[in-house]
Amino acid sequence: MEGLVLGIDLCDSYTQISCLKNEKSWMIPTVICREKQAENWYIGEEAYAHTLIGDGVIVDKLLKLTSRDGTATIGGIRYEAVTLLEQFLKKILELPQKEYGVQAISQLVVTLQTIDVVLMEALHICAERLGLEDKKLRVISHTESFIYYVLSQKKDIWNNQVGVFDLSADSFRYYELKVQRGMKRMMVIAEYENLEEGFNLDILGSASGVKLADKILYSCGERLIQKKLYSSIFLTGKGFHKQDWAPDFMKMICSKRRVYIETELFSKGAAYRAEDFTRSKTAYPFICICEGHLNTTVSMNVLRGGQDMSLVMACAGDNWFEASAAADVIPDPAREIEMTISSLDSRKKKIVKIPLEGFPKRPPRTTKVRVEVSFLDEKTMQVVLRDQGFGELFPATDTEVRQEVML
Amino acid sequence: MSVWLCRYEPVKRPLYIRELDLHIYSSQELSYIIIHNPLFVLEGFVDDRLFTFVREQLDMGFLALKMERLQKAGESNEEILSLFLQEADYCTAAEITQFRQKAAAFKKMLPAEYQKERADYLFQIGQYLNAVSVYNKILEMPRDTYINEFFLGKVHSNIGACYAHLFQFERAAKAYEKSYFYSKDPSSLKSIYFLTAMKPEMNISAHSKELLVSELNPSWNEEFSEIREAAKGSEELKNLDELFEKDSLRRQNGAEELISDWKRKYRSMQSPS
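These protein sequences, in sequence, are chains A and B. Take the first sequence: its letters are residues 0 to 406, numbered as in numbering that gives the first Met the number 0. Take the second sequence: its letters are residues 0 to 272, numbered as in numbering that gives the first Met the number 0.
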């Protein structure tokens with residue numbers, strides 16, 4: 000029997016889980032509660048209920064707690080944040096598992112508002128503890144799930160630009176996507192802007208608050224949309240579960256534009272991404288340039304078969320946290336390693352020369368260098384050059400050069 | 000600046016070249032050995048062991064097959080190795096041409112001249128006993144205008160040097176005596192003098208003794224003292240002194256390692272090809 004293909008939008012306030020099977024989604028508050036007297040765990044509304052009854056202790060802001068490697072004490076037991084996150088994920092995964100009577104998970108993609116390495120590693124620890132193979136869990140950004148959601152729709156939805164207003168309890172964001180054609184491979188570029196005008200959704204409880212909120216949205220919308228040509232605009236987040244509180248904003252935004260309300264945009268996007276991971280060949284043959292992805296290509300000019308060729312170490316569109324490469328090369332003279340950083344959008348090229356400092360002096364072409372490339376974030380590449388020597392003729396030393404390169 | 004990209008070669012069983020006391024772990028190292036040691040690789044190197052290494056360890060099955068076919072078709076080792084150099088992608092075209100030119104030059108040499116080149120090369124890489132064997136083959140060749148007294152003097156002198164490196168001083172002295180017989184070069188006598196200075200209890204022939212008395216050059220003693228003094232400051236001796244300053248455990252371990260290294264090197268000097 001085939002396993003479940005799931006997308007989870009994990010936020011500090013709410014978590015959504017989507018399953019492509021019957022396109023079903025669940026949304027629950029990101030809180031976990033443990034009974035004071037027993038090792039029974041509850042999440043979401045049940046967690047609130049047990050806390051209100053007084054037989055449980057609730058923990059919220061799970062993501063922040065995990066990011067700072069925090070702990071919480073419940074019933075005299077000190078729990079690490081990663082353990083609480085594990086319990087939360089276990090419980091939330093049970094929702095589709097019980098619904099469809101399927102335990103196995105073929106692929107799970109978790110989308111985060113912003114990529115956080117600590118959180119990402121914690122999620123992989125959770126997956127391992129839950130018996131999920133490492134490769135069956137992928138973590139992507141909201142921007143990437145937005146891309147996959149939009150490109151899973153009909154083409155006329157994303158012919159030109161696509162915008163998203165995401166109004167949630169803890170943030171207000173605007174995302175924009177455009178498709179560039181005419182290159183070797185289609186390129187999809189998506190960016191986001193954190194809007195400082197964000198407000199607490201509690202103000203929607205009063206008439207004056209509603210009016211103010213509508214005014215804020217209207218002014219943001221006007222500034223961002225201007226005269227741009229949109230194929231579609233999406234509204235997502237808890238703030239848009241109802242739209243009648245923002246009549247002016249809705250009137251302005253819907254004027255000569257297609258506007259869709261999609262409250263599960265990010266979790267569904269994650270589920271589409273998960274589905275694509277299960278395929279042997281991607282259904283989205285484009286270069287994805289967004290948060291979490293490189294927007295530059297890193298290469299080295301090398302000789303192969305007597306011909307000059309470009310050896311690509313990392314490609315624009317690769318996930319920076321997964322992109323890593325290594326190659327053994329013999330530079331002549333063994334003075335430095337030269338790397339080319341090409342920007343896809345501006346087509347600019349930057350040459351980075353890393354000197355082989357401290358490497359032993361040897362005859363020409365008898366120094367083999369292992370070049371390892373990895374990334375600390377989208378904009379920072381780490382290059383490690385290790386002396387491999389030349390067999391027993393010129394034994395390797397433990398000399399290595401580490402350099403961080405700003406892309 | 001050029002940067003050569005290295006093939007991925009998961010070599011588990013390196014090719015051991017006994018004569019060079021060297022394990023080869025990559026096609027680049029093998030190419031390096033071929034172009035820097037043509038006299039060694041052109042005789043007795045191209046064999047099944049090499050083909051197996053190329054096929055199984057370097058994962059170049061098709062190339063190994065082509066090399067084997069060339070050998071079966073009677074092509075020269077030079078052709079087979081040139082093919083490897085081209086495919087291994089380490090040498091430049093100029094280097095491969097140079098290798099071919101060297102091989103061609105060796106072919107043009109007189110047999111005695113070529114064998115002496117080969118023996119001299121074996122001496123250079125520390126294969127002293129193998130070098131003696133090749134020098135002795137030269138001595139069996141009929142005399143001609145090339146194999147004259149001067150040439151024979153050189154060959155005997157080189158045999159002497161080989162034995163001296165193997166610490167076989169009596170044999171070395173005999174070879175130098177023959178060298179002096181042919182060439183009348185006083186440097187051969189000087190070598191005998193040095194040998195006796197290093198090992199005074201050594202037996203040398205009465206004729207050599209007479210020659211040392213009659214032809215003794217006073218500067219030899221001074222030269223020998225200078226050499227001995229210079230040797231005292233050598234890196235090896237310094238390392239040895241440092242070893243003896245270490246604590247007993249480290250000293251013992253270091254000594255074991257050093258002696259085992261000396262033994263390995265000495266065996267390698269004497270290993271028959």
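Derived by calculation from the structure, the hints in this document are not laboratory data. Quantities reported herein were computed from a predicted structural model and do not represent experimental measurements. The reader is advised that the hints may include incorrect statements.
Claimed, not checked - Label pairs and their calculated CB-CB ranges:
hint, chain 1, residue 1, chain 2, residue 2, range
1, A, 391, B, 198, 31 to 39 Å
2, B, 183, A, 391, 42 to 50 Å
3, B, 0, A, 180, 32 to 40 Å
4, B, 225, A, 307, 49 to 57 Å
5, A, 391, B, 249, 52 to 60 Å
6, B, 241, A, 79, 45 to 53 Å
7, A, 371, B, 135, 24 to 32 Å
8, A, 391, B, 228, 31 to 39 Å
9, A, 403, B, 58, 33 to 41 Å
10, A, 72, B, 6, 50 to 58 Å
Unchecked claim - Simulated crosslink set (DSS-like; lysine-lysine; CA at most 27 Å straight-line):
hint, chain 1, residue 1, chain 2, residue 2
11, A, 360, B, 264
12, A, 20, A, 63
13, A, 153, A, 20
14, A, 360, A, 63
15, A, 360, B, 237
16, A, 35, A, 89
For each residue, glycine too, the CB sits at the ideal point set by N, CA and C.
Here is what the structure says about each hint:
no. : hint                        : verdict
1   : 391(A) - 198(B): 31 to 39 Å : 34 Å, holds
2   : 183(B) - 391(A): 42 to 50 Å : 44 Å, holds
3   : 0(B) - 180(A): 32 to 40 Å   : 38 Å, holds
4   : 225(B) - 307(A): 49 to 57 Å : 54 Å, holds
5   : 391(A) - 249(B): 52 to 60 Å : 25 Å, violated
6   : 241(B) - 79(A): 45 to 53 Å  : 52 Å, holds
7   : 371(A) - 135(B): 24 to 32 Å : 54 Å, violated
8   : 391(A) - 228(B): 31 to 39 Å : 34 Å, holds
9   : 403(A) - 58(B): 33 to 41 Å  : 35 Å, holds
10  : 72(A) - 6(B): 50 to 58 Å    : 57 Å, holds
11  : 360(A) - 264(B)             : 25 Å, holds
12  : 20(A) - 63(A)               : 31 Å, violated
13  : 153(A) - 20(A)              : 19 Å, holds
14  : 360(A) - 63(A)              : 50 Å, violated
15  : 360(A) - 237(B)             : 23 Å, holds
16  : 35(A) - 89(A)               : 20 Å, holds
The structure is inconsistent with the numbered hints 5, 7, 12, 14, although it conforms to all the rest.
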